[in-house]
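Student: Given next are the chains, with one letter for each unit.
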Amino acid sequence: MIVDLFFAFLIAGTICVLAQLVFEFTTLTNGHITSLFVVLGAFLDTFGLYDKLIELSGGGAMICITSFGHSLIHAALEKTKEFGALGILTGMFDLTTAGISSVILFSFLAAIIFKPSKN
Amino acid sequence: MRTYKFENAYILDAYTLVGPLEHHGPLGLYYDYAIDDYYFGCKTFEEAEMKMMYTSIAKILEQNKIKKSDIDLFFAGDLNNQLAISSFNAMSFKFPYLGIYNACSTATEGLLLSALLTDSNRFEKIMVSSTSHNKVANKQFRYPNEYGGQKRLTQTTTVTGAFSVIVTNQETNIKISSATVGKVISYGIKDVNDMGSAMAPACKDTLITHLKELNLMPSHYDMIITGDLSAVGTQMFEHLLYEEEKVTLANHVDTGLMIFDVNKQDVQSGGSGPSCIGVVSFSMILKKLREAKLNKVLLIATGALFNPTSIAQKREIPCIAHAISLERVL
Amino acid sequence: MDNNQYEQIRKKTIPKPKYLWNVTKAFFVGGLMGVIAELLIHFYANILDISLNQAVAPMIVTVIAITCILTGLGWFKKIGEFSGAGTLIPITGFANSVCSEAIEYRREGLITGIGSNIFKLAGSVLTYGIVSAAIFATIRYYFF
Chain A
0 MIVDLFFAFL
10 IAGTICVLAQ
20 LVFEFTTLTN
30 GHITSLFVVL
40 GAFLDTFGLY
50 DKLIELSGGG
60 AMICITSFGH
70 SLIHAALEKT
80 KEFGALGILT
90 GMFDLTTAGI
100 SSVILFSFLA
110 AIIFKPSKN
Chain B
0 MRTYKFENAY
10 ILDAYTLVGP
20 LEHHGPLGLY
30 YDYAIDDYYF
40 GCKTFEEAEM
50 KMMYTSIAKI
60 LEQNKIKKSD
70 IDLFFAGDLN
80 NQLAISSFNA
90 MSFKFPYLGI
100 YNACSTATEG
110 LLLSALLTDS
120 NRFEKIMVSS
130 TSHNKVANKQ
140 FRYPNEYGGQ
150 KRLTQTTTVT
160 GAFSVIVTNQ
170 ETNIKISSAT
180 VGKVISYGIK
190 DVNDMGSAMA
200 PACKDTLITH
210 LKELNLMPSH
220 YDMIITGDLS
230 AVGTQMFEHL
240 LYEEEKVTLA
250 NHVDTGLMIF
260 DVNKQDVQSG
270 GSGPSCIGVV
280 SFSMILKKLR
290 EAKLNKVLLI
300 ATGALFNPTS
310 IAQKREIPCI
320 AHAISLERVL
Chain C
0 MDNNQYEQIR
10 KKTIPKPKYL
20 WNVTKAFFVG
30 GLMGVIAELL
40 IHFYANILDI
50 SLNQAVAPMI
60 VTVIAITCIL
70 TGLGWFKKIG
80 EFSGAGTLIP
90 ITGFANSVCS
100 EAIEYRREGL
110 ITGIGSNIFK
120 LAGSVLTYGI
130 VSAAIFATIR
140 YYFF
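Here the protein sequences come in this chain order: A, B and C. Okay, so the first sequence: first residue is 0 according to numbering that gives the first Met the number 0, each after it adds one. Okay, so the second sequence: first residue is 0 according to numbering that gives the first Met the number 0, each after it adds one. Okay, so the third sequence: first residue is 0 according to numbering that gives the first Met the number 0, each after it adds one.
So here's chain A without its partners, still in its complex pose (with noise of 0.2 Å):
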């Protein structure tokens, strides 16, 4: 259990420095950054290393937003064994509905909770 942790932290950490990197030395915005990752995310699952770093750091590399480009791929790629090349397009969402649903769901409860703050 305690290398499981050592080893969420150790990734999930690296992946942020990088993260951190590219908005130290460029002049990207937090936009670009996050999408450079999910490009990344997905980029890594083409051939299934990303599902590498998912056994050794678990909730580590499941945390970024790179697992969200990861399970993107890997959902459309699960889905052409059954459906063939439409399987992209038709699995695309399959693991990353939980992901969308709730945080449209809690952002618009947060909306009607809360406003921005007065100071």
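It cannot be assumed that every hint is accurate.
[What the hints assert, rightly or not] The calculated lysine to any residue pairs, modelled on SDA-like cross-linking and capped at a C-alpha distance of 25 Å, are:
| no. | chain 1 | residue 1 | chain 2 | residue 2 |
| --- | --- | --- | --- | --- |
| 1 | B | Lys292 | B | Asp36 |
| 2 | C | Lys15 | B | Lys292 |
| 3 | B | Lys150 | C | Trp74 |
| 4 | C | Lys11 | B | His22 |
| 5 | B | Lys150 | C | Ile78 |
| 6 | B | Lys295 | B | Leu215 |
| 7 | C | Lys77 | B | His22 |
The hints are simulated quantities; they were obtained by calculation from the structure and are not laboratory data. Given the structure is predicted, the values throughout are model-derived calculations rather than measurements.
Following the hints, complete the assembly by docking chains B and C onto the known chain A.
Tutor: This is chains B and C only, laid out in the frame that chain A set:
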């Protein structure tokens, strides 16, 4: 020739309001009013900004026992899309209205237009107002207010403030003695997070033009007060003056660095916004002029004339600076 | 002075960020996010009696819900300013970008406010995630 001297342009009075961060800044005690929080009792930040400008106008009329109908013309501008804040206030007060926009140079643009008009004696009292609100500007130009992103060190913090000034052709002890109209200048800066560097060339151009056309040395003025250059812009301004004109100023201050304590407050490079130079000049500087601690000052407000589309389309940031001089007359 | 010379002077004038401090903060906060995620995954796997893989979804929902609450309370922006990429890269950054837009635009109506602006910042993440996943998946499917 774009510098004008005036005989009949005087400051009748001014009223300044600021937000909580400015109230806790170095000049906190000089402003006429400070709001406790960014809502100012309203439902939205936009309404709060409207109320700030409204309050500055209402108070200045009240304190000087002037009727709304006595105001011949109202120049106002702000950062909101299509000058919404100014227009709604013009509607509230029913002044004859000319909305103006030059980003953070709106204050001096309004003052120089007023001076040009009162000087002809065709206008007796002209009201100039401007305002900016940190939360409204963030929403329009940057990120939502609850967004948790890191800021760049070259960024400036939009000042939450409002000021109103009445310019008159009747003599008072503070005269608008001259003004220089700026030209739009750019040295190719495209980084919207470093407006100070983008605006410095326009500021230098206006200052040098003003001094040359009036045949003055910089030391003629007790203070040369720039608006919104802040930490990075001030350094670039001084570099430009030295490299291009062999001029070093001994009497230069910048309101973006006066309104906040850059070391203690979380404001990165300093303050900016249409109200920045206005609230500082018409509180602390005006007080010192009235008390004869200062006699002649030059105000140069700088504005960055971009919009989010021009930035997204990778264009440079064109900037402008207008200058007016205030003089104590006995 | 031409534009290039001005840019050279500007590069030398602008203040240097505290690189090491910023990177260290990102590492520790990001790492902490990883640990919290791993703990949540194990927690859900135990109490819901599901596999670790299946427990990822409830972990993500939990993290998003907490981020939205922190954003609404006005605490997240201070945390984000401190940790930079440490909260930007984990799913907290995505949730905060959507939530902060929704909260900001509520006053402009449900459709023209919240509905039209909710994905202003996060839209590029979704767009390029999908576009890149489609391209890479196609390449993988047809050539390998």
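Student: Now tell me, hint by hint, if it's right for this structure.
Tutor: Quick rundown of the hints versus the structure:
1. Lys292(B) with Asp36(B): violated, 33 Å
2. Lys15(C) with Lys292(B): Roughly 38 Å between the alpha carbons, so the hint for Lys15(C) and Lys292(B) is violated.
3. Lys150(B) with Trp74(C): holds, 16 Å
4. Lys11(C) with His22(B): violated, 33 Å
5. Lys150(B) with Ile78(C): Answer holds: Lys150(B) to Ile78(C) is near 13 Å, not above 25 Å.
6. Lys295(B) with Leu215(B): holds, 12 Å
7. Lys77(C) with His22(B): With Cα atoms ~21 Å apart, Lys77(C) and His22(B) stay inside 25 Å; holds.
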